[in-house]
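A.B. asks: Just so we're aligned: the sequence shown equals residues 60 to 300 in the numbering used here.
Just to be clear, a hint being listed does not mean it is correct.
[What the hints assert, rightly or not] In silico PhoX-like cross-links for lysine-lysine, where the CA-CA straight-line distance does not exceed 25 Å: (1) K299 with K185; (2) K185 with K119; (3) K119 with K299.
[As the list claims (entries may be wrong)] Label pairs and their in silico Cβ distance ranges: (4) D158 with G190: 29 to 37 Å; (5) F142 with A197: 25 to 33 Å; (6) D139 with E300: 18 to 26 Å; (7) I231 with S147: 37 to 45 Å.
Derived by calculation from the structure, the hints in this document are not laboratory data.
Model, not experiment: these values are computed from the prediction.
No residue lacks a Cβ here, since even glycine has one placed at the ideal position from N, Cα and C.
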Amino acid sequence: MKTFLVPLLFACVLFFQSCNDDDGAIPEPPTPVTTVTDVDGNVYNIITIGDQEWMAENLKTQSLNDGTAITEFIAAPNNDDWFFNSASTPMYTWPFTGDLNNVHDEELPADYYGLLYSHAALESGKLAPEGWRIPTEADFRALESYLLNNGYAAEPSAALRADFAWIGSDGIGSDEFGFAALPNGYCTITGHATGAQAIATFHTADFTGEQRMQVSLSPSPDLLFTENDIRFGGAVRCIKE
Numbered sequence: 060m061k062t063f064l065v066p067l068l069f070a071c072v073l074f075f076q077s078c079n080d081d082d083g084a085i086p087e088p089p090t091p092v093t094t095v096t097d098v099d100g101n102v103y104n105i106i107t108i109g110d111q112e113w114m115a116e117n118l119k120t121q122s123l124n125d126g127t128a129i130t131e132f133i134a135a136p137n138n139d140d141w142f143f144n145s146a147s148t149p150m151y152t153w154p155f156t157g158d159l160n161n162v163h164d165e166e167l168p169a170d171y172y173g174l175l176y177s178h179a180a181l182e183s184g185k186l187a188p189e190g191w192r193i194p195t196e197a198d199f200r201a202l203e204s205y206l207l208n209n210g211y212a213a214e215p216s217a218a219l220r221a222d223f224a225w226i227g228s229d230g231i232g233s234d235e236f237g238f239a240a241l242p243n244g245y246c247t248i249t250g251h252a253t254g255a256q257a258i259a260t261f262h263t264a265d266f267t268g269e270q271r272m273q274v275s276l277s278p279s280p281d282l283l284f285t286e287n288d289i290r291f292g293g294a295v296r297c298i299k300e
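Turn these sequences into a full structure, and let the hints guide you.
C.D. replies: Next up, the structure:
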């Protein structure tokens, strides 16, 4: 009888071991995606605020996501290309990176603030990396609502502004989520970059006729929503689809 029980017990052990190996293993959780890369090879960190996933930096690609080059505009006397063509030709220009207020210890790289994009670049449908898009006004309103309802009602703008690079203590934000909005400024309807170090301006995907909705952050406590001429250039902060 004993000689019969030993093989039986051994078989049971093997059976339960097999079950544990095959059925009881806990799968490894998927590695979270923390960056996204655009077609030019620029890498952006990803942050989560509420239910939204945002890039933690302004877009700086010089190409559409199909590889087509975006036309560079360089402001110069008598260069009216932006004024006449930015609504029909995908274009970008560089924010002003001069340090007029001695905020920075070193010279800033040209793409420090990202790029300022034209109306046609936005409307190409190919500016954001695959799986990402230009945020709508509703996206920014939802972001604002999340801040207002989660302890940042007094200064929602400050919760998004970087805690460096802004002029004066009033401009410095608390950067609660890593959104790290920098004062990239904007470009005028003639393509001249201005406003850097004092205001952050973001395009939305929404426009009507000759007006596009833009969102600005400044030392003011609130997010500012304004409709501007479609020839105004602004930064793009992409949101996950």
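A.B. asks: Check each numbered hint from earlier against the structure, then list the numbers of those it violates in ascending order.
C.D. replies: 6
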